[in-house]
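Visitor: Chain by chain, the residues:
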Amino acid sequence: MEHFSAPQRQSAIGVVVMFFDTVQQYARALWPILVLWIFRFNQMDKMMLAIGTVAVFIAIGVVAYLKYRNFTFFLDEAQGEFVITEGVLNKTKTTIALYKIQQVNIKQSLLQRLIGVYALDVDTAGSNEKEVSVKAISHEVALALKARLLDNESRKPIGPSEETVETHQAKPFIQISMLSLLKIGLTTNYIRTLGVLLAFFATLYDNVLRFSNQGYLDEDQFTGYIDRALLLQSIGFFLLVLVAVILVINVVRAVVRYFGYTVARQSGSLLLSFGLFSTKSTIIKPEKVQIVSVTRNYFQKKMDILELKIKQATSGEREESKQAVEIPGCNTAERDAVLKLLFGKIPEQGAVLLPNFRKLVFAIVTTIVLPLGIFLGVVALAEENLLKFTWIAPVYAVFAMTLLYFGYRNYRLFIADDFIIKQSGAWDVKREIIEPQKIQAIAVSQLFWHKNADIGYLTLHTAGGAIRFQLGDFTTIKQYVNLWLYEIETSDSNWM
Amino acid sequence: MENFTNETLDVAQLPKFEEVQMTPLHPRYWRVVMLTWGLIFLVVLLAIVFGFLFSPDFRPVAPKLLVVVCASIIPIVALAYTAFRKKAFAFRTHDVLYRYGLLATTTVVIPYNRVQHVALHEGWLSRMFGLATVQVFTAGGSSSDIEIPGIDKTQAENIKQLLMGKIQKEL
Numbered sequence: 001m002e003h004f005s006a007p008q009r010q011s012a013i014g015v016v017v018m019f020f021d022t023v024q025q026y027a028r029a030l031w032p033i034l035v036l037w038i039f040r041f042n043q044m045d046k047m048m049l050a051i052g053t054v055a056v057f058i059a060i061g062v063v064a065y066l067k068y069r070n071f072t073f074f075l076d077e078a079q080g081e082f083v084i085t086e087g088v089l090n091k092t093k094t095t096i097a098l099y100k101i102q103q104v105n106i107k108q109s110l111l112q113r114l115i116g117v118y119a120l121d122v123d124t125a126g127s128n129e130k131e132v133s134v135k136a137i138s139h140e141v142a143l144a145l146k147a148r149l150l151d152n153e154s155r156k157p158i159g160p161s162e163e164t165v166e167t168h169q170a171k172p173f174i175q176i177s178m179l180s181l182l183k184i185g186l187t188t189n190y191i192r193t194l195g196v197l198l199a200f201f202a203t204l205y206d207n208v209l210r211f212s213n214q215g216y217l218d219e220d221q222f223t224g225y226i227d228r229a230l231l232l233q234s235i236g237f238f239l240l241v242l243v244a245v246i247l248v249i250n251v252v253r254a255v256v257r258y259f260g261y262t263v264a265r266q267s268g269s270l271l272l273s274f275g276l277f278s279t280k281s282t283i284i285k286p287e288k289v290q291i292v293s294v295t296r297n298y299f300q301k302k303m304d305i306l307e308l309k310i311k312q313a314t315s316g317e318r319e320e321s322k323q324a325v326e327i328p329g330c331n332t333a334e335r336d337a338v339l340k341l342l343f344g345k346i347p348e349q350g351a352v353l354l355p356n357f358r359k360l361v362f363a364i365v366t367t368i369v370l371p372l373g374i375f376l377g378v379v380a381l382a383e384e385n386l387l388k389f390t391w392i393a394p395v396y397a398v399f400a401m402t403l404l405y406f407g408y409r410n411y412r413l414f415i416a417d418d419f420i421i422k423q424s425g426a427w428d429v430k431r432e433i434i435e436p437q438k439i440q441a442i443a444v445s446q447l448f449w450h451k452n453a454d455i456g457y458l459t460l461h462t463a464g465g466a467i468r469f470q471l472g473d474f475t476t477i478k479q480y481v482n483l484w485l486y487e488i489e490t491s492d493s494n495w496m
Numbered sequence: 001m002e003n004f005t006n007e008t009l010d011v012a013q014l015p016k017f018e019e020v021q022m023t024p025l026h027p028r029y030w031r032v033v034m035l036t037w038g039l040i041f042l043v044v045l046l047a048i049v050f051g052f053l054f055s056p057d058f059r060p061v062a063p064k065l066l067v068v069v070c071a072s073i074i075p076i077v078a079l080a081y082t083a084f085r086k087k088a089f090a091f092r093t094h095d096v097l098y099r100y101g102l103l104a105t106t107t108v109v110i111p112y113n114r115v116q117h118v119a120l121h122e123g124w125l126s127r128m129f130g131l132a133t134v135q136v137f138t139a140g141g142s143s144s145d146i147e148i149p150g151i152d153k154t155q156a157e158n159i160k161q162l163l164m165g166k167i168q169k170e171l
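Just so you know, the protein sequences line up as chains P and E, in that order. All residue numbers for the first sequence refer to our numbering, where the first residue is 1 and numbers rise by one. All residue numbers for the second sequence refer to our numbering, where the first residue is 1 and numbers rise by one.
Hints should not be assumed to be uniformly reliable.
Stated by the list, open to error - Taking lysine-lysine and the DSBU-like style, the derived pairs with C-alpha atoms no more than 35 Å apart in a straight line are:
no., chain 1, residue 1, chain 2, residue 2
1, P, Lys91, E, Lys166
2, E, Lys153, P, Lys478
3, P, Lys345, E, Lys16
Since the hints were made in silico from the structure, they are not lab data.
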């Protein structure tokens, strides 16, 4: 068995891997220049080009060799650390405590297969990208190193390997009915569907015009038809159709995506399965949950439905787990049941932190005053034919003002002993719930002109994303930060 | 939960992160910053000179551009100096603090029991001045990692040892 106790290099053949890596890296950085050269290929001196190319490849070769020389790794048994040193001009030394390592993956790309070496990636919790990667070692060394890296008892395995799905055993405690899905379809995603529709019709119109330009259709007749059709229809009717189409699309989407949604309890975890054509199953472990958000708008409140979103800690390359898991169309009781299972109790609201009025003022300036100022300025400077559009300005102002006002009024942070809840949103009111123990890092920030007003920003980073609260009372924020730090630092509670 | 207690916390008595005496970056780091900017200026100036010499189209614009570049030196140096002075760090018993920012002053706090791993960077310029950068990683993603530049090489090694020691203790 190898020891790895002294710094060692990769396989000598690894220079080749380094070489192609460096080529790729430079090509990515310099591709605009390369493209330019290709277009000018004919005008260039072929001799110079050949010499230049050779020189560049020699230079890259030297860099690759130096990279190979300077890349070393070793295991510090006494400290329980894996240490990697790399870099030619800028040197980096990365130290990873062995018990923090979550995954070690041995991989082989095509190039690596051709020259018979393996890459070994080391992953710790949290960040999506792999922490370190040893790019060229022999299979024996890779296996031995992997064994040594994972050979410590305190390591708590997480990750997908343990997630065995046994669907048939669990008894669902929430079943989302067809009616709830209909309600969800009727009350969500108006804007998104509108955007998709607009994009769809824009491309369609574009294609039809192109089609007609090729002589299959008489263009005048076609556009004339559209004009007449538009004249015939009142705009109101058109809007009605549009709304109907959006609603139908939303309902179909909700039904196809979430048909037969069941939530079951399975040895302390949540087991979700849903889907009309293909059933998807997901397991949620309460200890891995970082942020739970509950979203509800006015209509949904009247119908007693809401949407739950659960963000979990990410580990390793499981990029898809970064995406939140959605439970659409629960009612209040079901929400409480899910929250109780995830958090052990129903999150209470606690003390309220409100934003300063400047948040509203700032939002008004950036979304109403500035754009309208530019718009009206353009209208004033331009010809009269733009003048008939000035009615847009007051309509937009009233609409935006209403949204901003409600957004401001709903914006608040609830702080209880065990929960922090951020509420935001104008129409869809969203509540993001985190536990102070899940906080990874806290950032407080203050613009220098907010010093006298004593207001500032708070960002709470978790392994499932950050929660940011803007322009709250800074003294209060700092007090809570000290409290949270105290709580995090005096307990060993597991955040995932 | 065996020795669980639940007294009322006197929040006012908790240690205050905002009153911690922060360590500024090493004075030699200012030279690194200046040299970096000096090199950038040098490249820009060389580009202008080359343009002036070899491109007739560019010739009339070159003097104006030169004036703009020269005029921007003082504000850039002033801003760089403010940014340099604002940066400071502190290592408490249980967490690391890093402060930075020009318009907004931001303080990031990472408790040691949330640190995933540590990296020590030595840029080629920094290395000439015996300085290093300490980067602390958490599971909160790149936005919550902190990178403290301009620390004396030996001190940076010590800090790394300290951090790794703290991580190991959390076992």
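Visitor: With a cut-off of 35 Å on the C-alpha distance, tell me whether Lys345(P) and Lys16(E) pass.
Guide: holds (30 Å)
Visitor: Compare the distance between the alpha carbons of Lys91(P) and Lys166(E) with 35 Å, and conclude whether the hinted pair is satisfied.
Guide: OK: Lys91(P) and Lys166(E) at ~24 Å, within 35 Å.
Visitor: Does Lys153(E) pair with Lys478(P) here, judged by a C-alpha cut-off of 35 Å?
Guide: holds (33 Å)
Figure legend: structure checked against the earlier numbered hints; every hint is met.
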